[in-house]
Amino acid sequence: MGLGVVCCRGALGQPAEQAVYVGVETSAESGLSRASFFSASGARLGQAPLDFRAHGMAGHGRRLAVFPRRPGDRFALVDTETLEILSIVTAPADRHFFGHGAFTRDGRYLLVTENDLETLQGGIGVYETTGAFRRIGQIALPGPGPHEIARQPDRDIFHVALGGLETHPAYGRTPLNLHDFRSQIVMLDFARGDLTPLGYWPGTEGISLRHLAMDDQRRLYIGGQIKSRDRAMGEAVLWLVEGDRVQKLDPEAALGGYVSSVAAHGGRAVVSSKETGVALCLDGPRAIGVRRMEGAGAVALGPGLSAASGFTLLDLNGRRIETLPRHEFDNHGMAVG
Amino acid sequence: MSRKHLIVAACLSALTAGPLAAESRLDTADAALLQQGLITTADDFVLPGYRDYAEAATEMTEALDAYCSGTGPIAPVHAAFEDSFLAWQRISIIQIGPVMAEEGPMRLQLWPDPKGFARRAVQMAVRAQDRGLLAEGGLQGRSIALVNLTALEDLLYHDLAPGTYECDLAGAIGAYQADLAGSFVAAWTPGAAFRAEYDTAIDGNARYASVDDLIRELLAGAVVHADRLRKFKIQRGLGQAPGEAHPERTEAVDSGLGLASIQAGFRALADLYKLPYGFFDMTTELSGTSEYHMLGKTAGSIADALALEPRSLVEIVAEDGAMAAELRSFGELTLYHETYLKTGLPQSIGLTTGFTSADGD
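In order, the protein sequence lines correspond to chains U and L. Read in UniProt numbering, the first sequence has 37 at position 37, and its numbers run on one by one without any break. Read in UniProt numbering, the second sequence has 34 at position 34, and its numbers run on one by one without any break.
So here's chain L without its partners, still in its complex pose (with noise of 0.2 Å):
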């Protein structure tokens, strides 16, 4: 036999052996009370998120109309900004589904953003005032940098004057994360097509041909989540040690949300283990780990002493004393997160994920 021949023989070897199915590595009982318990985060959790974004960025859409026409004030405006910025802050903590469709989370905010593409692409759409951003869908398809939170706090928090193209552009972001939000309501709503595969994740659903596909997922947004808290809304700005802090690396300097920004992090953390019934309460019926019952108190408490401080986080940052030292412990707090998130809960329910090379390059 020729060295060609062996070649061939044994790529067919091994490419004509049995298939290999995409299983379940939980019989069947357990996967589906753990399907049950996304369902419920998906109904008690996910829904109420997006519909909270959804309502804000109307609200906020309507408030600009206004003051962009002359009839309003700016103060509903800024109201609102606020209100969708921390109901976006709360839900990004879930990365499944529609919100990782085409760009993902940095759609809705692109921060942070060390090299200030945001305030580039604004000042790029204001130089060329072109008309066609402000249509109706005039920003579908347009670079994230534009469209995004961050570019929108970059023009509310600025001298934004009614009957100025700045300020028609801050309602055409805003109708774009409204109608972006609607569409997460819409996909996660039950019976939608995303929901119906999100609902049954079982051998021949195209997109969860499992249970484990879909919870792979939600602990690795989580752990994006923790990991951003830690790192970017934290550490970024304080820095690892007193004499590191940097307050305008904080986020949402402009608006001052930085700090409520943190909170809602944490609550959404806490609010997310301790939904009843919710995907996380379940795990223990398969002799899952409690450990979340903890983690969550104490992200609770977090985000409730947070509430309590009448600084901003540029303050704070700037001052770098105790509460900054205190800021730093609460952000080395979420590794304990992460630990549970990556190995620790799925180990005890017999799943393989923390690192998945699903993610693929």
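Chain U with its partners taken away, still in its complex shape (with noise of 0.2 Å):
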């Protein structure tokens, strides 16, 4: 038996159903989440209590790596079948992670973005899996403010939105240099140990791109946000590459001037805001589908899976679940299973 307090609707160890996506919920009182899962038949399975609020997560076989929201300093380890917390793990003195992470296509490093307090500048943590879970280093980012880094489908190739700016939990969450910050994609080949920065695209001045996710036609899907108004450029915060091409996206549906967050599977993707409540469905550059709801946050795509929450509410395949009491969906979610 682990940490965690587990919480099942079948007998413990065995949910009576298989969970497919996993929400993060957060408690008004007390600030803190709890990772959620659910059915395709929109079940509650049961939910893993955490010690700090959530924000994204990753997941490989049964396990799944919830991690906090900026600044914090302790990710968890959470089995996805038995919803047992297997460990908490803590940043280095020096370090805190950003709120994401993902694992190898084999499962056998998991990399999480992190905060460099001396520096402030971005860098990823390295962990290996097999055997007792250790940290075995950390790669250094050409700048500040790494926030999601997603694998592609097929292949240990990575993509890190260095949001550009830099913060330290001394000064909350304020970014210190507004004033001339710039943000990029950084390309990691973790075989090959190479980083290749993308450079900085017109458009994206006052823009600190934060979320995005490739799908399995290699086209990634980039969500930013707009953090100084005086510096940005138009509200269009989408961003999609594929191959050489980079096409900033305008689409019809407003996203506000922020993306909370961004999934792909197959050969779609799905973007929200939760400034308009828009949950946008693209196929590449085309949107092929929207819809409104209050505080659109989390957002899933995975085989047979379509989900997204607002801030009381998560859709998933269509059946609508309520959260829990004093409860919110908070900005992540994604498909397990």
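Honestly, I wouldn't trust all of these hints.
Okay, the calculated bits of chain U under chain L, using three or more residues with CB under 8 Å as the criterion [as the list claims (entries may be wrong)]: (1) 142–150; (2) 158–172; (3) 327–335.
No lab work stands behind these hints, which were simulated from the structure alone. What you are looking at is a predicted structure, and each value in this text was computed from that prediction instead of being measured. Each residue gets a CB set at the ideal place from its N, CA and C atoms; glycine is no exception.
Work from the hints to combine the two standalone chains into their complex.
In structure tokens form, the structure reads like this:
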């Protein structure tokens, strides 16, 4: 038995149905989150209570890593079958996490975005997951404020949204370099150890690129946030990268200068915006569906799964599920299983 | 049907469902009542608060002009800095609207500053002797470390000499603050674009689609204010128990305004709560908890007690005696404010605030 409290609908360690989606629900009273698991039929299977406010997640096999909202310094590893919290991993003293991570394709390594508190530059913490879970190193990034890291579906090429904003927990969440920050995407070939910045694209001035996902056609969808309205040009905060081609997308459905999350699966992606309550389905540059829900945040796509949550409602394959009492669905969710 | 088709179908099935409008959890009459309370709060608390800050900052700029040109003494500069600093401590409880734009409130005061960014920014500017920073509007878009009250305090209380670059830089920072405060006054004045959005928080309003949104922001700002009082203004220097005190970690060490800052913080809480026909007063019309009344009285009593204290915060912390213990207990009392603001009040009027996932990342 690990650290966590297990709360299953079925017997301990044997949920009655297989989980297909995990979301984050955060308590109004405590500000602490739970990783909540749902079946394809929308049944609540159980939850793993956390001692921090959670943000993004990464999964491989039965393992789910739940990362803290920045500037959290602990993340949890959860067994998605028993919903047991296997361990809580603490950041090195001079670092904190940025809310996201990704497993390598074989699940052997977990890469986690971090802030170096001395230099305020970004980094990736590298953890080995076989045997005793342990940190084996870190990769320095060419700028501050990394946020989401996503792996290509078929190989260990990762893309990191390097948001560009310097922050330090002593100053809350306030960016310290808003006047001149630049944001870009960095590509990491993990096997080779090559790090390739994709450069500063025109039109990203004043925008922090935060969330991204790649579909099976290797199309990379990137969402940003306008952080400096003085410097931003227009409201568009969505980019698409196909090979060497970079497109700025300006869909009809307004995103309000803010993309809450991005998910992709197969040949589709979904992006959401809490600002406008929009969840937008994309096939490359083409918008193929849109819906609105109050506080649209987490979105997820998977085999036979389409999910989007707002503040208090989760829409999972068309079924509407209310949040736990006095909780709200937080920014991210993901397909599991 | 292929797997790909299934995925597309699943994606579309969820995404083409009917729209869910962002609407208030309050009924129309209750929402209107609270909106009126918020308008009164804007007129009688927010706007006077920003006006005080703007006036004090303008006086500081004028006093600095005189001092730096060798035609005036330093005392009026320090007096105007004190007025500006304390006016900001009071109105910083409001974290709605233009103050939250761009880098937010740290444009006004970057503190705590454990990495010493403000001092470093000042030193870099002085070394560079960049005249461009001194021109009108020259500090617009510059690092927040350079333009805020912590940087200004660093200049004003370290042997500032007339006719120097340092003196002119202090004048430029003062002018930046006066301009910023003036822009807040303009934005909160009835009829201004922001104020119009604030006054009409209903569906169709691009900024505030419901009065709930406005209330969430107001309460979240007050929570941050209470939290800063406890964690930063009190506990950072005093520690949580005797023997943990660090005078050098207190706020505004150079100007000696640390205790007055705590006092202003409690006074702001008290005055915001007890504003007649203001937001908190109106919540009782909806059967909201009347806890604010007692919390306001307590906060006011603390402010009164601190006003009588002759010692500076640095002296109190260095001594680490009875007054230090009392200050720690005052800090703990802010937890009651946080509970009331996060959950007690919202739940009593049917809102879900406290934590709100709206503050995304």
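Against the structure, the hints:
Only when three residues or more bring their CB closer than 8 Å to a CB of chain L does the claim for the region 142–150 of chain U stand; here the count is 1, and the claim is violated. Coverage of the region 158–172 of chain U by chain L holds in this model, with 4 residues showing a Cβ closer than 8 Å to a Cβ of that chain against a need of three. Restraint check on the region 327–335 of chain U versus chain L: 4 residues with Cβ-Cβ distances below 8 Å, three needed, restraint holds.
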